[in-house]
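K.L.:
Residue-level listing of the chains:
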Amino acid sequence: MITPKELAKKIQKQEAFASGGRWCAGCAFPMIVRTILAAAGENVVVSNATGCLEVTSTIYPYTSWGVPWIHNTFENAAATLSGAEAAYDFIQKQDEKNLPKFGKELKNKKVKFVAFGGDGGTYDIGLQSLSGALERGDDFVYVCYDNGAYMNTGNQRSSASPLGSSTTTAPAGKEHLGKEELRKDLLKIALAHNIPYVAQGAVHDLIDLYNKAEKAFSKKGPAVIDVLSPCVNWKIAPGTTMEISRIAANTCFWPLYEVDEGKYKITYKPSKKLKVEEFLKPQGRFKHLFKNAKGKKIIEKTQKEVDRRWEELQELEIFTNRK
Amino acid sequence: MAKNNKNILPLTGSQAVAEAMRQINPGVVAMYPITPQTPIVETFAKYHSDGLVDTEIIRVESEHSAMSAVLGASASGVRSMTATSSNGLELMHEVVAATPGMRLPVVMPVVNRAVSSPINIHCDHSDSMACRDLGWIQIFSETAQEAYENTLLALRLSEKCLFPSMVMQDGFITSHSVENVEIFSDSKIRKFIGKYTPKNPLLNLDKPLTYGPLELTDYYFETKFQEAEGFECIIDEYTKIGKELSEVTGNNYPLFEGYKIKDAEAILIVLSSSAGTAKEVVEKYRKEGKKVGILKPKLFRPFPYKEIYKAISHAKVIGVMDRSMSRGAFPPLASDIKIAINTHKEGKKIPDVASYVFGLGGRDLFKKDIESIFDSLLNNKYNITKIDYIGVRK
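First to last, the sequence lines map onto chains Z and U. Going by this note's numbering, 126 is the number at position 126 of the first sequence; the sequence numbering is gapless. Each position in the second sequence, counted from 1, maps to that position plus 323 in this note's numbering.
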């Protein structure tokens, strides 16, 4: 297990992703990306779905990326990375004498492949491409920085948006109180491909995230990590990113867990499980829920769903670890 | 099999293209089935299973992912191919458009098929015509032999000019018909193809590159302008590389094929397999003393406006047969021919151009159809302001 000091040193040292890009103040993904890349090691190739991260880190002629990086289109970060990985595999098979210079240097070097996508690019438009790559067993780590809506284009509803959240395409009004459906369970879908590793992390616990990333990269085959990435479009103050993320874990709205070779492990169990209201209340995107009885019902439904999933997770942990 | 020491095999157009792919031995091939392209990837998959190629095959879940994976592989620095048809090409359209922006030399055989709806599996050129403005080199093939050789030529051309290529053949008519195809020796073809040294491989760990950044109002236009400039060398390079390939095959690789056009009064312009049918009609009419000829464009993007103008400017009238349409406008080939003539006339009298649409959804084209077009051209019974639809119940 890495200590906070060691991790801080590692994150500061790595030059794969520079600071000072054009993301919003208070954005969580720079910390997520730097932590993941610290775990990836020196030789890493990054594929990036269209989204906040891609847009704010590569405004030509500048780039934040100190490692090979490719952005193709919105929905195909996984398939694009499959192509890069296949090219790498082909080069590994060749006689050195037949390879151009870069190939000679690449041969026998262990390279890690990682894709980053937001929840729009992962849960929604990129799900098919991701499913294809998971089913093929490609050797890569897919990281979703999950801010619960299409934030790059200004907060439109995605299938990761929480129940009751107000987005510009499902706004809170007199008749409809924001999103009327529950979140999609991405990791269950990923697990249905029988892949070696999935995990849920959050930006406030980088040690936990680093450990998960390290494990993910150590697997032969695909791994998926879904990371809570609080966003100013939640209508929170930029300085409260870490705090809101911590509350998400303490309310069990966002449990921290992993499924390693089929075994569930909850990596953080709050000593006192807070009510989900504590997570919803500080965020402007939920403020309409606190105004009337209809809103109250949505909060109750959210609590019920959080409880159900938390119970299920605990049972799965017991069940999958039985002797 | 061997005839005059030539390796002549009975092959379909699909198998002939798969032979070219075997000889290329790409680093990565992404495959997804779609009629009538499927036999290309099936044949190639069999070669792979039998150890004849050491390609990494990615069996994707859609054409969109096929093109995405091929883009990723090509950017990474290995030769990368896929093949498609019709709705498959439409589904991958977004990534087809993204590929030339990264100047990636992907080569993609396209087996031309009608596009939905209604769904139809048979030949027309609507699929690749919908991609003609996306920055891909487009080469049309009349026969299985041409499809085979054009694939090899396209590879070199793409790698030289850093643009992707589509190599077309007609769905079923060419892709599923068996012809005698001469397959040239692996050693000679591999020598022609050469080893591949990518310009800016993503997998060069020593020189990390950012592929596919965001360019806004300040840079995007320059990137597109560079593509326009980059396209300018393709016609010359096509000819040069064609000459090199001639030394291996003994065949010629003109920008277009002119068949009895030198003294022709009426010239019919048509792509791909239909040119074969049209040539037979020319034979018949020539015997009757009628001065008719055929021009079959091969390189369609970039379009050799000047060269084609020079070849047809002496004619009285030109008939252009398109196997696709552009609702509310002249179809693609007719439009290009009209532009060619009007751009290069330099004040001279120019031939009339009559536009015909035929064969949509695989509707058969008969010799009598071509005869009736020639008759109308020769007897001044055409209307240059309208499109005539051939072989349709009106």
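Quick caveat, the hints were computed from the structure, so don't treat them as lab data. Don't take each hint at face value.
Just so you have them, the derived chain U footprint on chain Z, three or more residues with Cβ under 8 Å [stated by the list, open to error]:
(1) 18 to 25
(2) 35 to 48
(3) 53 to 65
(4) 106 to 115
(5) 124 to 131
Listed below are several chain U residues computed to face chain Z (Cβ distance under 8 Å; list not exhaustive) [said to hold, decoys possible]:
(6) Ala421
(7) Gly424
(8) Leu526
(9) Glu538
(10) Asn706
(11) Ile707
(12) Ile710
As a list, the in silico EDC-like pairs of lysine to aspartate or glutamate whose alpha-carbon atoms are at most 16 Å apart [stated by the list, open to error]:
(13) U:Lys530 / Z:Glu181
(14) U:Lys614 / U:Asp586
(15) Z:Lys110 / U:Asp529
Quick caveat: nothing in here was measured; it's all calculated off a predicted structure. Even for Gly, the Cβ is constructed at its ideal location relative to N, Cα and C.
K.L.:
Test coverage of the segment 124 to 131 of chain Z by chain U using CB-CB distances below 8 Å; three residues minimum.
P.N.:
Since three or more residues must qualify, the claim that chain U covers the segment 124 to 131 of chain Z holds, with 3 doing so at under 8 Å.
K.L.:
Is the interface hint satisfied for U:Ile710? The criterion is a beta-carbon contact with chain Z at less than 8 Å.
P.N.:
Because about 35 Å separates U:Ile710 from the closest Cβ in chain Z, which is outside the 8 Å limit, the hint is violated.
K.L.:
Tell me if the straight-line CA distance from U:Lys614 to U:Asp586 falls inside 16 Å.
P.N.:
holds (7 Å)
K.L.:
Please check whether the segment 106 to 115 of chain Z has three or more residues whose CB lies within less than 8 Å of a CB on chain U.
P.N.:
Since 3 is at least three, the answer is holds.
K.L.:
Take the segment 35 to 48 of chain Z, compare each residue's beta carbon with every beta carbon of chain U, and decide whether three or more fall closer than 8 Å.
P.N.:
As far as the segment 35 to 48 of chain Z goes, the hint holds, because 3 residues have Cβ atoms under 8 Å from chain U.
K.L.:
Closer than 8 Å, Cβ to Cβ, for at least three residues: run that test on the segment 18 to 25 of chain Z against chain U and report holds or violated.
P.N.:
Coverage by chain U is violated here, the residue count being 0 at a Cβ distance below 8 Å.
K.L.:
Mind checking the CB of U:Gly424 against every CB in chain Z and telling me if the closest is under 8 Å?
P.N.:
violated (10 Å)
K.L.:
With a cut-off of 8 Å, does the beta carbon of U:Asn706 approach a beta carbon of chain Z closely enough for the hint to hold?
P.N.:
Status violated, d = 44 Å.
K.L.:
How does the coverage statement for the segment 53 to 65 of chain Z fare against chain U, requiring three or more residues with Cβ below 8 Å from a Cβ of that chain?
P.N.:
holds (count 8)
K.L.:
Checking hints one by one. Is U:Glu538 an interface residue toward chain Z, by the C-beta closer than 8 Å rule?
P.N.:
holds (4 Å)
K.L.:
Checking one constraint from the list: CA of U:Lys530 to CA of Z:Glu181, max 16 Å. Satisfied?
P.N.:
violated (46 Å)
K.L.:
Take the shortest C-beta to C-beta distance between U:Ile707 and chain Z; is it under 8 Å?
P.N.:
violated (42 Å)
Checked against the numbered hints listed earlier, the structure breaks hints 1, 7, 10, 11, 12, 13; every other hint is satisfied.
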